[in-house]
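With chain A's structure known, arrange chain B with the ligand on it following the hints.
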Amino acid sequence: MSTVQVTIESVSVPTFVLGILSAVFLFGMFIVGYDQGHLFNVVVGEQAFDDLYLHELYHDLRHVSGFPCH
Amino acid sequence: MRATVFIGITLLAGIICGLILGGTNLVVTEPFIDQAIDIEIQNAIVEGENIGSIQEITKYRIWQKGGQVLAASILGLSLGSLFALVYAFAWPSIPGSNGIKKGLFLAAIIWFTIFLIPFLKYPANPPTVGDPETIFYRQSLYLVFMAASGLGALVLAFLYKKLNNKKSRKFIVPVLYGAYISAIFVMMPPNPDLITTPMDLINNFRIASALTITLFWFLLGAIFGVLWDKFKPYRKVTSKL
Ligand SMILES: [Zn+2]
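Line order of the protein sequences matches chains A and B.
Our numbering puts the first residue of the first sequence at 1, with every later residue one more than the last.
Our numbering puts the first residue of the second sequence at 1, with every later residue one more than the last.
Chain A with its partners taken away, still in its complex shape:
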């Protein structure tokens, strides 16, 4: 018995890969471009909107990448 190596070339993207990478894309855009404290709100409550911890963390990049800020 002998084994034969078969090479298959396919660029079709599996649905779960499409799902994962789309999620990474949207999540990143939301954080960098739009979040005003919503994300930390889940962890620390209302305080997040006042302190804007996360907002301050990505604040400078938001300006640099062209997203509206202050």
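Calculated from the structure, these hints are not laboratory results.
Keep in mind that a hint or two might mislead.
DEER-style ranges, computed between Cβ atoms [to be verified]: (1) B:185 x A:3: 52 to 62 Å; (2) A:23 x B:179: 27 to 37 Å; (3) B:187 x A:23: 25 to 35 Å; (4) B:179 x A:6: 40 to 50 Å.
Where is the CB? At the ideal position from N, CA and C, for every residue including glycine.
Coordinates of chain B with the ligand only, in the frame set by chain A:
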């Protein structure tokens, strides 16, 4: 397609380019952000606001600058994922004889449609320019315009594939995009905020930021292209008895 290899090279290319973007920004754009924040602090002092101690502000800025590098890696992962998906779907049709050439070509198109075109309409601003009251409105304008440009390009890419005449489609598709985006460009309302910060500072900031983002996109195209050729996620070798 080998899914884990594909996701792996996507995230790797994204994080490398994100870290380079963050590092470059520390040198290239942060000096202008510092200047803008100094002006902001001066204005606050004139208006008699309590701004806290210098030590506090310095500490705060260090937090923001460190965060900038972290945020850049998140942005790198995010845009890298978008790039990789479009690359994989469009791979057979992207012009170019190898991964890097295809990567650079696709990077140029995505850079143009979702960065340069929105930048020309709503250019980046350093801190102190934006009015907090209009933030939601400005974010909506930017998102709508960026989405309109990106989705328009996507629809036209499908049209490009559908058109059989290879000569005329190279002409028709760019003209259609030009007409479409010009109409939206004119229709969209301008940024509502008045600029009171010195124009010199704003222009320098805009040039610096546009340069770093442009560098990011082309680097992403090249690095992803290299990884694609090296790891060949589209190739699967199986053994059969
Ligand atoms: Zn800001």
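Verification of the hints:
A hinted range of 52 to 62 Å for the beta carbons of residue 185 of chain B and residue 3 of chain A is consistent with their spacing of about 60 Å. Hint check: residue 23 of chain A to residue 179 of chain B, Cβ distance near 34 Å, so the stated range 27 to 37 Å holds. For residue 187 of chain B and residue 23 of chain A, the Cβ-Cβ distance of about 32 Å falls inside the hinted range of 25 to 35 Å, so the restraint holds. A hinted range of 40 to 50 Å holds for the C-beta pair residue 179 of chain B and residue 6 of chain A, which are about 48 Å apart.
Of the numbered hints stated above, none is contradicted by the structure.
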